[in-house]
Amino acid sequence: MSYFEFLVAHGDLLLSGTLVTAMLAAVSIALAIVLALTAGLMRLAPAGPVRWVATVYIEFFRGTSLLVQLYWIFFVLPLFGLSLDKFTAGFIGVGMNLGAYGAELVRGAILSVPKGQWEAALAINMSPLTRMRRIILPQALVIMLPPWGNLLIELLKGTALVSLISVADLTFQAKQINATTFMSAKAFGTALIIYYVMARFIITPLMRWLERSMARKLGRA
Amino acid sequence: MEQAEDLSQYPLELTGKNVPMVRFKKVAKRYGSLTVLEHLDLDVAEGEMVTIIGPSGSGKTTVLRTLMTLERINEGVIYVDGKPLTHMEKDGKLVPASQKYLRAMRSKIGMCFQHFNLFPHMTALENCMEGPVHVLGIPRKQARERSEELLEMVGMADKRDQHPSRLSGGQQQRVAIARALAMRPKVMLFDEVTSALDPEVIGEVTNVIRRLVSDYNLTMLMVTHQMGFARDISDRVCFFYRGRIEEQAPPSELFGDPKSDRTRQFLSAVKEAV
Amino acid sequence: MADWDWDFTWEILPRLLAATVNTLLAAGIGYIIAMFLGLAFALAQRTPSNTLTMAVREAVEFIRSTPLVLQIFFVFYVGPEFGVVLSPWVAGMIAIGLHYAAYLSEVYRGGLENVPQGQWEAATSLNLSTARTYFRIIIPQALPPSIAGMGNYLVGIFKDTPVLSVIGVAELMQTANSIGSENYRYLEPYTMVGIIFLLISLPSAALLRSFDAWVRRKLGMN
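Chains as they are written, first to last, in our numbering: chain P, 1 to 221; chain Z, 1001 to 1274; chain W, 2001 to 2222.
Don't read these hints as lab results, they were simulated from the structure.
Mixed in with the good hints there might be a few duds.
[Claimed, not checked] No more than 30 Å apart at the CA atoms, straight line, and that leaves these computed lysine-lysine pairs for DSSO-like:
{"id": "1", "chain 1": "Z", "residue 1": "K1093", "chain 2": "Z", "residue 2": "K1017"}
{"id": "2", "chain 1": "W", "residue 1": "K2159", "chain 2": "Z", "residue 2": "K1141"}
{"id": "3", "chain 1": "Z", "residue 1": "K1017", "chain 2": "Z", "residue 2": "K1090"}
{"id": "4", "chain 1": "Z", "residue 1": "K1108", "chain 2": "Z", "residue 2": "K1017"}
{"id": "5", "chain 1": "Z", "residue 1": "K1025", "chain 2": "Z", "residue 2": "K1141"}
{"id": "6", "chain 1": "W", "residue 1": "K2159", "chain 2": "P", "residue 2": "K86"}
{"id": "7", "chain 1": "W", "residue 1": "K2218", "chain 2": "Z", "residue 2": "K1159"}
{"id": "8", "chain 1": "Z", "residue 1": "K1108", "chain 2": "Z", "residue 2": "K1090"}
{"id": "9", "chain 1": "Z", "residue 1": "K1141", "chain 2": "Z", "residue 2": "K1186"}
The following block holds chain P by itself, in its conformation from the complex (with noise of 0.2 Å):
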């Protein structure tokens, strides 16, 4: 069988996988953003327990592993009464894993904004939220954009994992395709080649275009 062939015959598949690969990291992004500014603007918060509940949430994560976060969500919280469809499961652990690794970015990028900057909004009386939205934040998120465009890579590859929990993700595809042809260089070549293109090709490019845009933005390109 060529590989023309190949494609022909099992490019359905592969390319519904893809579908709900890009759909899962979409919805895992939009999750991860939000649990990251949260978490992170929290750990630099004036009061302990809000601290605290943002580093217990943060090292958490960190600390294990997204495989085992997966496992635990989709087959242990159903045992308290908590059961979530294998999609759901899914973007939850991806973006809950990945959301406390950009936490840390967040707080990084934050830390890192001269402290001039601070002082100079102080002076001219600005509330302490006022300054964060409209000072720190946005040089924040200069500082913060590139490790981003990582991290996002690092969250497409993690969605592959949503596979051992039986959501039919574009690696879920390429497993089942190799079962039933067993062709595994073809199979899980092109899936790696997918994912390849995915990253390199639109997660990239779209992150570089963005740090550009911001850089305009505050002035500094």
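Chain P is already provided as a structure; the job is to place chains Z and W on it using the hints.
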């Protein structure tokens, strides 16, 4: 690639009486479209101390860097001790030098840098012993004695077990001089060795170089901004301008009665700055 | 509401702890492979050959941008297609070692590029050989700033070992899966696996951070 140069115009080696220790023959060095050295001819006799001065970007540091083989030249040939440095003989013709040949020839040359470039993870003594032990293959004990002698000579014997981060700029530069001497070079190159130093420690480095001139029969090439130092230490001073030698003469003549307008302009600009 | 069964927990604990040893072993072996292979990747990108540099660069980029689980499947299942049958352990170590070699090569590359140009020039002026320059002058200076990154990936490879369960490497996750399916109880094994991971990765991360700080202090950096 550039057009191949006809290398047959250059001798395979320098013979006869008064063979210079260093000879630049029609040497050109370019970075892209920028010409740094333009067909430079320069001889340095054995035991001679030649100082190169000139405005920044005139190519003076490049002379030292090509001689140390840190940079390749685009045209011409450099000879050291009568033999070609940048090229080697193959079947009776000159061809660009191989790495092996360069390694053999480099042993004749030592260099001190503007920023010292001591190895930060080794003590002063280890810095000095590194080359003798691992390049020249001198037994450790012997290399150690020799290195200690040299550190003594530069006045750094008491700091021999210190790491560079513990030493002042002047002290680091003195160790760097000892390190270069430990390789027993025939030619020593000093590339703006006092430029990165605080004014009050410049003297301790220039004094070491003065001692080298009086006590050792070394051939030396020095790039410096210290006009006074250049004046009383050099046998000859070369004023570089745009990649070539604009004027060269014994220091009394060049500083006292410069022939070229450019030299005069440069010297008066330097004098005003001081 | 699920009930936590302590008797069951004690009963399965020895099996889980035994599997923890395998997990640590897998992480250790994988990391050693990654350390050496990663150095080879990093050095290959510094040779004068542009073709080699580009090829290795692309390979590293590819490995870094694609999922580990798929790479494990690939190594494990593609071999037999060409008559090379690899055991789960061997295939798993190759895949995870290769994956982290790509990461570590980037850490090394950063460290190597951090060494000032003047150090190379000083080594040349002393006529040190290329090997001597690398191993005695450049790498000792490139290593300390790389320690933080290397430590992160050591913890990282440890946390990625559960993925090896997909081809049946008998590490923690795989053992928890077996216990779960034998007893129809997943609460205790999966929770215990999570706790074991926390108990190992949090202190190791802290330990590695203080080791890094110690090295920096010792070398007078910062």
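Comparing the hints with the structure gives:
{"no.": "1", "hint": "Z:K1093 to Z:K1017", "in the structure": "holds (23 Å)"}
{"no.": "2", "hint": "W:K2159 to Z:K1141", "in the structure": "violated (50 Å)"}
{"no.": "3", "hint": "Z:K1017 to Z:K1090", "in the structure": "holds (25 Å)"}
{"no.": "4", "hint": "Z:K1108 to Z:K1017", "in the structure": "holds (20 Å)"}
{"no.": "5", "hint": "Z:K1025 to Z:K1141", "in the structure": "violated (41 Å)"}
{"no.": "6", "hint": "W:K2159 to P:K86", "in the structure": "holds (22 Å)"}
{"no.": "7", "hint": "W:K2218 to Z:K1159", "in the structure": "holds (19 Å)"}
{"no.": "8", "hint": "Z:K1108 to Z:K1090", "in the structure": "holds (21 Å)"}
{"no.": "9", "hint": "Z:K1141 to Z:K1186", "in the structure": "holds (23 Å)"}
The earlier numbered hints that this structure contradicts are 2 and 5.
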